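Novice: Chains A and B supply the protein sequences, listed in that same order.
Numbering follows numbering that gives the first Met the number 0, in which position 16 of the first sequence is assigned residue number 15; successive positions increment by one, without gaps.
Numbering follows numbering that gives the first Met the number 0, in which position 297 of the second sequence is assigned residue number 296; successive positions increment by one, without gaps.
If you're looking for bench data, these hints aren't it; they were derived computationally from the structure.
It should be emphasised that the depicted structure is a prediction, and the values quoted were computed from it without experimental measurement.
Hints are supplied without guarantee of correctness; some may be wrong.
Which copy is meant is left open, so a pair is good if it fits within one copy or across any two.
Stated by the list, open to error - List of simulated lysine-lysine pairs, DSS-like, C-alpha gap at most 30 angstroms:
(1) 297 <-> 84
(2) 41 <-> 84
(3) 101 <-> 57
(4) 315 <-> 12
(5) 86 <-> 41
(6) 12 <-> 161
(7) 108 <-> 313
2 protein chains.
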Amino acid sequence: MDIITMDHGSGGKKTYDLINNIFYKYFNNDILLQQGDSSILKNINERLAVTTDSFIIKPIFFPGGDIGKLSICGTVNDLAVVGAKPKYITVGFIIEEGLNIKTLKTIVKSMAKEAGEIGVKIIAGDTKVVERGSGDKIFINTTGIGIIEENHRLLGCNNIIKGDKVIINGTVGDHGMCIFNEREALGFDVDIRSDCSSLNELMKDILDVSDNIKVMRDPTRGGLGTTLNEITQTSNKSIVLNERDIPIKDEVNSMGEMLGFDPLYMANEGKVIVIVSDDDAKKVLEEMRKNPLGKDSKIIGEVIDDNRSRVYLKTKIAGTRILNMLEGELVPRIC
Amino acid sequence: MDIITMDHGSGGKKTYDLINNIFYKYFNNDILLQQGDSSILKNINERLAVTTDSFIIKPIFFPGGDIGKLSICGTVNDLAVVGAKPKYITVGFIIEEGLNIKTLKTIVKSMAKEAGEIGVKIIAGDTKVVERGSGDKIFINTTGIGIIEENHRLLGCNNIIKGDKVIINGTVGDHGMCIFNEREALGFDVDIRSDCSSLNELMKDILDVSDNIKVMRDPTRGGLGTTLNEITQTSNKSIVLNERDIPIKDEVNSMGEMLGFDPLYMANEGKVIVIVSDDDAKKVLEEMRKNPLGKDSKIIGEVIDDNRSRVYLKTKIAGTRILNMLEGELVPRIC
């Protein structure tokens, strides 16, 4: 059985073979195949968006995806939320000695497939190997470059005003709960799949349909609760959520109750929070629902102006509580 | 004592605090402080160079540098060798639970200092934390974006012709030998320091002085021997090196002989191989020697055309041997 050895990180012949037989083969494109220390992008004449993310998820394969797919989706979504069209991605692998090369190939193919569907090119890469016990199978860093087309306004929290609506494109907490269930082998016989997906098309469509999108954010680590707190802190506005409107799968709710985990703080990898003017909210909601990745979209709350930068939750039993930023760690290594 | 805990990777309050109190503080610049999921670069109208590298060096502090400085220099050099002016860097940290926060601060300050001296901005970042035993103190990914100015030709191995000269800017093998000596605590009482440094100014100066620079490459992992093999394989030319002209420190030579390591295959982190036309070689050599980082520059060989894509070494005892690409691993985790 072929496994990754320290030699594969030597920079010598085995590194060269790995690059040629796996990375160039599956990520195959003209820019990557320049094979230089840097890749050259010609004729760039735009506003660019740049983002970086490392993925250390455990397990590396899970219902709904794997670390490879996730590493593309995560970076694509970070570009798309600022209104950028994802174009280029660089990839850095840190591999633990002993990883099956077949496993690496599966991950690389998964990355290539996701990138291909979106139309992003993987333009540069790097591979390092660490000894057994100094890593955990595979870590992936992806850095993304996107283009912000001229007709797109720059989004930003400072555009948010009282009355704006908060929309989410579907159920929250699926990814975090899926990973926890898989990793801890809890034996809950539930069908919870990660929502891991690239939302660039969905986000592009709503930017095309409305000039009044204020902010888009993907609620990954820290979940909906934490991401909304980041928005309220930057915008100096508050947000009121209606608990009964927040879509949560029954299985996720039940598991959350049994484990004491609040799905509002569980990570998502295929969700986007959209804040849009009151006037355009319905139009945007309809547009989102046309996309399979947005069919369960809901308006879940609205912006108020109480100078407190808080997130309030109107509970099902008609009380109100404050949702703070996540303190401590709910589920580690979920992305 | 404040140490990194899993909470720091939660995406919640402790992550937020780390970002504000360390990363924003030391990497402070207008682009990073946009604080978005992606950072926006306005008014890009150029050819860009993009490169990515992960750093897993052990130990993380060594004579001549640390993992932070190295992560900037390495990426800056990869941009500079293609003739690009380094402009922007993204940083992804993968930290092992238990790392002293003071250590992280020292590394971040070292990165900020090196980046500041070069004039590159750290525009985006990401922090992940893994459990004890799933990482090794700290791994850093840096992705660099540089600008290739209009008056610079694109360099490339296909420009190389018979008679071109091969220049190196100083002694080889220092970095690899230094790291090995430090890590293995061999107790050699020698003053071997890593050559870790940013060579962008040196490279810019020679591109300004000559239109006949064919290729520049930094011989990091795999050393001079492997990097020259990559050049001969891409260019379909061969290279003859004169062993007596290759600068190697006495300490590095002695240690290499005792350990059975060939300095020609040991990693460098402040060296560049320059291939230049015969006519311009002297001029370029003189320019390189003006820079403190190039004061020991030497012409070490020349290009021949024997259709074999080989690297030959004319030894001090007047024999000739073939230098192949490094097989296996000499010293792991040197960058």
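Novice: Take the hints in turn and mark each one as holding or not.
Specialist: Here's how the hints hold up against the structure:
1. For the homomeric pair residue 297 and residue 84, the shortest alpha-carbon distance inside one copy (25 angstroms) is at most 30 angstroms, but the shortest distance between copies (47 angstroms) is not.
2. When the C-alpha separation of residue 41 and residue 84 is checked against a cutoff of 30 angstroms, the pair qualifies both within a copy, at 17 angstroms, and between copies, at 15 angstroms.
3. When the C-alpha separation of residue 101 and residue 57 is checked against a cutoff of 30 angstroms, the pair qualifies both within a copy, at 18 angstroms, and between copies, at 28 angstroms.
4. Taking the shortest alpha-carbon separations for residue 315 and residue 12, only the inter-copy value of 27 angstroms comes in at or below 30 angstroms, while the best intra-copy value is 63 angstroms.
5. Taking CA atoms no more than 30 angstroms apart as the test, residue 86 paired with residue 41 passes in both settings, with 13 angstroms inside one copy and 16 angstroms between copies.
6. In this homomeric assembly, residue 12 and residue 161 come within 30 angstroms of each other (Cα to Cα) only across copies, at 26 angstroms, whereas the closest approach inside a single copy is 61 angstroms.
7. For the identical chains of this complex, residue 108 and residue 313 are neighbours neither inside a copy (45 angstroms) nor across copies (44 angstroms), given an alpha-carbon limit of 30 angstroms.
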